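Chains as they are written, first to last, in the working numbering: chain F, 1 to 191; chain A, 192 to 430.
Check the hints yourself; a few may be wrong.
DMTMM-like mimics (lysine to aspartate or glutamate), calculated; alpha carbons at most 20 angstroms apart, straight line [stated by the list, open to error]:
hint, chain 1, residue 1, chain 2, residue 2
1, F, K179, F, D140
2, F, K179, A, E236
3, F, K179, A, D203
Please keep in mind that the hints were generated in silico from the structure rather than gathered at the bench. For clarity, every value in this text was computed on a predicted model and none was experimentally measured.
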Amino acid sequence: MTPMEALEALGEEDLMQLVRTGDARAFEVVYDRHASAGYSLAYRMVGSRGGAEDVLQEAFLSLWRSRGRYDPSRGSVRMWVLGVVRNRAIDALRRSTVRPHVAQGSSDEHVEAADRTTAEAVRREDALAVRAALATLPADQGRALELAYFGGFTQTEIAQMLDTPVGTIKGRMRLGLRKLRDELGGAAVTG
Amino acid sequence: MRQAADHARWADATGAYVLAALEPDERAGFEAHLQACETCAQEVEALRPAVAALSRSVTPLHPPADVRQRVMAEVEREARLVTAETRDVRRPQRGRRSRRSVWRARVLAPAVAGVLLIGVVGTMAVDTLRSDGQTVAVEVDGQQAPGTHAAMILEDGHATLRAEGLPTPPDGRVYQVWLGRSDRPPEPTSALFVPRADGTARATVPGPLDAVQQVLVTQEPRGGSRSPSRAPVLVASLP
Numbered sequence: 001m002t003p004m005e006a007l008e009a010l011g012e013e014d015l016m017q018l019v020r021t022g023d024a025r026a027f028e029v030v031y032d033r034h035a036s037a038g039y040s041l042a043y044r045m046v047g048s049r050g051g052a053e054d055v056l057q058e059a060f061l062s063l064w065r066s067r068g069r070y071d072p073s074r075g076s077v078r079m080w081v082l083g084v085v086r087n088r089a090i091d092a093l094r095r096s097t098v099r100p101h102v103a104q105g106s107s108d109e110h111v112e113a114a115d116r117t118t119a120e121a122v123r124r125e126d127a128l129a130v131r132a133a134l135a136t137l138p139a140d141q142g143r144a145l146e147l148a149y150f151g152g153f154t155q156t157e158i159a160q161m162l163d164t165p166v167g168t169i170k171g172r173m174r175l176g177l178r179k180l181r182d183e184l185g186g187a188a189v190t191g
Numbered sequence: 192m193r194q195a196a197d198h199a200r201w202a203d204a205t206g207a208y209v210l211a212a213l214e215p216d217e218r219a220g221f222e223a224h225l226q227a228c229e230t231c232a233q234e235v236e237a238l239r240p241a242v243a244a245l246s247r248s249v250t251p252l253h254p255p256a257d258v259r260q261r262v263m264a265e266v267e268r269e270a271r272l273v274t275a276e277t278r279d280v281r282r283p284q285r286g287r288r289s290r291r292s293v294w295r296a297r298v299l300a301p302a303v304a305g306v307l308l309i310g311v312v313g314t315m316a317v318d319t320l321r322s323d324g325q326t327v328a329v330e331v332d333g334q335q336a337p338g339t340h341a342a343m344i345l346e347d348g349h350a351t352l353r354a355e356g357l358p359t360p361p362d363g364r365v366y367q368v369w370l371g372r373s374d375r376p377p378e379p380t381s382a383l384f385v386p387r388a389d390g391t392a393r394a395t396v397p398g399p400l401d402a403v404q405q406v407l408v409t410q411e412p413r414g415g416s417r418s419p420s421r422a423p424v425l426v427a428s429l430p
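The shape of chain A in the complex, shown without the other chains (with noise of 0.2 angstroms):
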């Protein structure tokens, strides 16, 4: 079996791995190790049994119910956003992966019948998403949106936001969509939108969000500011 040549430092460490108790550095350097280490690699699948059996040792009990309600309020409301991001996207792309990373900028028309929207300007992932993405929670600041539901689709790297119960924004002002990187002001995007007559919206934020830890989207004035105005009414802290 082939044997790392930093094996004996490591042997002992396989426990401490598999229960998660190494520190961050050095779980980083074992898992180097677990690369070329065959021995300690399937000493590793040995112990998983044993830790599983561990969560298997608890009294069984039942949670209330009231948290079930909670839960399942709470992922309806994102699965209602996510099923119409893929209903909007899926229509008009369906069988054309092969362009799933093209970029396009679009310039939405305003006039379409009972939808206002005033210059959606900005690029738009239009072959990027899936419906197995992940959803990001969005918080909202309940003095400028009251009852409003906000998610964040994310799929291979896009972002798409999607809220509900978004206020119209007083005339002369749109939201803008920010990017938020640790150290650094939030950057403008020129993702400007206004939500549907009835309060639903949908962003899809520019990307590439490497090394972006927030999206941020506050209330400015018409054609966008090059720095935050106002506290934003929407924050998604990716993962």
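One chain only, chain F, in its complex shape (with noise of 0.2 angstroms):
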């Protein structure tokens, strides 16, 4: 085995454990693992792939400058990684003069991944879904979760948006939650 596969071979924490102590290739392993999922997001939040690209690279020297801040008690190293791309995503919404609408599960046909792996196909099968589940939702509350989730907006910010008061955005936000959590059941507690 080379040292490289003894890395692959090694699980979340052992090898959060080689990232701590500043070690290059055990985070070059967990960008492997991780780096799809974060550009999937961040290019469905900003809609280039230019845009995507940079927020990427941010994300990633981000989460290297900050490994020592990663606590396995919050959640896996997955979320740890999204929530920085989403983080990141935001700020160049933010950055942005125009922050481009949400759009709905647009793509880009030349940058979709094609199944390599088992891994990868479930992971697609597995976004359909999440897709299914979230088209079971009231169109109002999904539009919710969408705007402040890829959008990342705040609920003042949709309630403008939308002309609606703000309480009611929140609720629908917590309703459609709760609804997309049912469901998913079981399936939804993996991420």
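Two chains, two frames, a set of hints: combine them into the complex.
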């Protein structure tokens, strides 16, 4: 087994221990495991390849630099990565003068990943299942979730955009998430 | 289940909270409420998987390989600086954790073979650094220091600057470390240094770093200045 293969075989916790010590090779494995998920989310949020690439690069450098702060009790490495990607994407959206409207599940066919592995096929299936669950939500709840999560808008901004009281928007987010969780049942817990 | 007295006011905010859609002041208010309200704390935990599911709903895409190359090139540069720091600090201080908070003033002899050090006088956190610190990116002025890479390594509120490829200042000048706080001119420190002959440099930033937003390095006359006489060569912005 090569040293890189040994790293690739490590579980998240052991890998993160090495990353914490400043091990670049261990961080490379973290990148390989989570960059696609990060890029997919960034692309969904900023809507362009160049923008998503910048967000991904900034996010991973930020993850590397804050490696000492990763706390496994607060969630998986995947969620840590996606949280930082999302924050960077929101920063990018706020920096740009025109914020793109949140597209509905858009994707550019040219960069869409082919299923190279079984894991990728599973991810694609999972994405379809979540989208099917999202489609069962009342439209106004789904819209509130989309604008908040992918658009990075605050509840006040969403209320203004939709000309709806903030209290109503709050309620839609809460109900929408509850329904989404119920629709997905146990499947949603793996995130 | 324990429910806070102000529960009715906050009960609907759980969804917006896990979606990070609350305004900062409302977020702070809700977090204070969460401390006292088990009902809301449980609901927040119950809603998190739904937020995780949103992240999984996107079409899977592969990022181009050059992003990986750019990220890893920078990570490797910074990892070298972290490794150098760990090696230098760990060697004499291993197993002396109880003295981590001890600060010592130290004068490094300039006569070390092959090492050009002009009077590095400063307080050094000798027992503070572990290898699991954070790294802060350092902006380098390309005009004054072309080809220089630098990082600042943070541990327990102490910071050390590390650089590679830092030019030797002209005769009679040294690099000086400054602390930048908002609305105040940079505060001079006693940390003065010059790079070694191979262009590497290390400077411990005298702490504490409370309220410090930036650590700056300028070229100054030997002995240091009370206010910066030139634009900074290095700027590290603290998170």
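Now the hints, each set against the structure:
1. K179(F) / D140(F): holds (13 angstroms)
2. K179(F) / E236(A): Roughly 15 angstroms separates the two Cα atoms, so the pair holds.
3. K179(F) / D203(A): Given pair K179(F), D203(A) holds - Cα atoms ~15 angstroms apart, limit 20 angstroms.
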